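Could you build all of it, start to finish, from the sequences and the hints given here?
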Amino acid sequence: MFLSHNHYDHLDYDTVMALWRNNQEWIRFVVPLENKKWFVECGIPEGRVCEMDWWDVLVVGSEEGKGLKVTCTPSQHQSGRSGLDTDMTLWSSWFLEHPGGSGPDAEPYRVFFAGDTGFQFHASPDWLPSPTPLSSANPKSLSSTVDANNPYPPCPAFADIATRLGSPDLLLLPIWVGGTYDFVRSWVPLSDALSPMPRLKVGLTAANHMPPWDAVRVLKLMTQGDAQNKGKGKGKGPVAVAMHWGTFITEPVEVLKTLGQLQWACEAQGVPFGRELERGEGREEKASETCFLALDHGQSVVL
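The numbering of the sequence shown is the working numbering, which starts it at -9 and goes up by one.
These are calculated hints, taken from the structure and not from any lab test.
Among the hints, erroneous ones may be present.
Here are the simulated BS3-like pairs of lysine-lysine, each with C-alpha atoms no more than 25 Å apart in a straight line [claimed, not checked]:
id	residue 1	residue 2
1	K59	K26
2	K56	K226
3	K210	K247
4	K210	K226
5	K210	K59
6	K191	K247
Quick list of the computed label-pair ranges, beta carbon to beta carbon [stated by the list, open to error]:
id	residue 1	residue 2	range
7	T240	L132	24 to 30 Å
8	P179	L132	36 to 42 Å
9	H287	P188	28 to 34 Å
10	E36	L190	40 to 46 Å
11	R265	Y142	31 to 37 Å
12	N13	P262	33 to 39 Å
13	R189	H88	43 to 49 Å
14	D286	L184	37 to 43 Å
15	R11	H287	20 to 26 Å
Model, not experiment: these values are computed from the prediction.
Note that the Cβ used here is the ideal one computed from N, Cα and C, for glycine as well.
Written out as structure tokens, the structure is:
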């Protein structure tokens, strides 16, 4: 099974056809509304592409309804590539639920894949405060006041998803504002003072690309009060894994800045940050905590 949140922005013909050629016996493409046509035109059999609207449900590998449950869920991002096809296809996130074991005490395992999405528009040019040593600031005070004066409401989809479908055990969340803006801006042959495009501020694109601060907020929003319950029952708290960072960059320092901003946002909002999963013998207390991981490209982790 291969999930797409929108082909215009994140898939290309060569990638899709390579997946098809190497997995023809079993692969199915699950896509948001109005994306199926593109896959079929690429040569994928129509019966292998399932097109879904928000809140549609598909059960894969079902045995008496106990297969992998796939729900197409909302996200906040525009679609389109050429400027003439803006918002003509649906953009989505995905929620997966595995039924777990076969015993009477088996609990489902839930995964939320946010895709490319924003959380809240931040109009203030002063947002977000620059990361500072937390020893010189009150983290609780910072966390409660940094968004207090924002007149624009956050996207309600994430709270709605957790309310409807349950709190995820694993969340894949974007943490970077994206490289497209700076790439386009680099083609303007004018100085900063004369350029019609201002320098990138994370608040400008946060409605479509959530920065680390908002990603931590989404993690907490979707798992509120759940870490202790999961820790008592399973010995494992919810885990977020950062994605959409460190690939299309204008300079290497952006990678370090992104990681630093995520670590700072986690510390300021009381969420453990890590570069690996600290679980195992002798680490029971940490195992029951919510945590946010930033893995290296190609790195694997067992949950």
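Comparing the hints with the structure gives:
no.: 1; hint: K59 x K26; result: holds, 20 Å
no.: 2; hint: K56 x K226; result: holds, 23 Å
no.: 3; hint: K210 x K247; result: holds, 22 Å
no.: 4; hint: K210 x K226; result: holds, 16 Å
no.: 5; hint: K210 x K59; result: holds, 24 Å
no.: 6; hint: K191 x K247; result: holds, 13 Å
no.: 7; hint: T240 x L132: 24 to 30 Å; result: holds, 29 Å
no.: 8; hint: P179 x L132: 36 to 42 Å; result: holds, 40 Å
no.: 9; hint: H287 x P188: 28 to 34 Å; result: holds, 30 Å
no.: 10; hint: E36 x L190: 40 to 46 Å; result: holds, 41 Å
no.: 11; hint: R265 x Y142: 31 to 37 Å; result: holds, 33 Å
no.: 12; hint: N13 x P262: 33 to 39 Å; result: holds, 36 Å
no.: 13; hint: R189 x H88: 43 to 49 Å; result: holds, 44 Å
no.: 14; hint: D286 x L184: 37 to 43 Å; result: holds, 40 Å
no.: 15; hint: R11 x H287: 20 to 26 Å; result: holds, 24 Å
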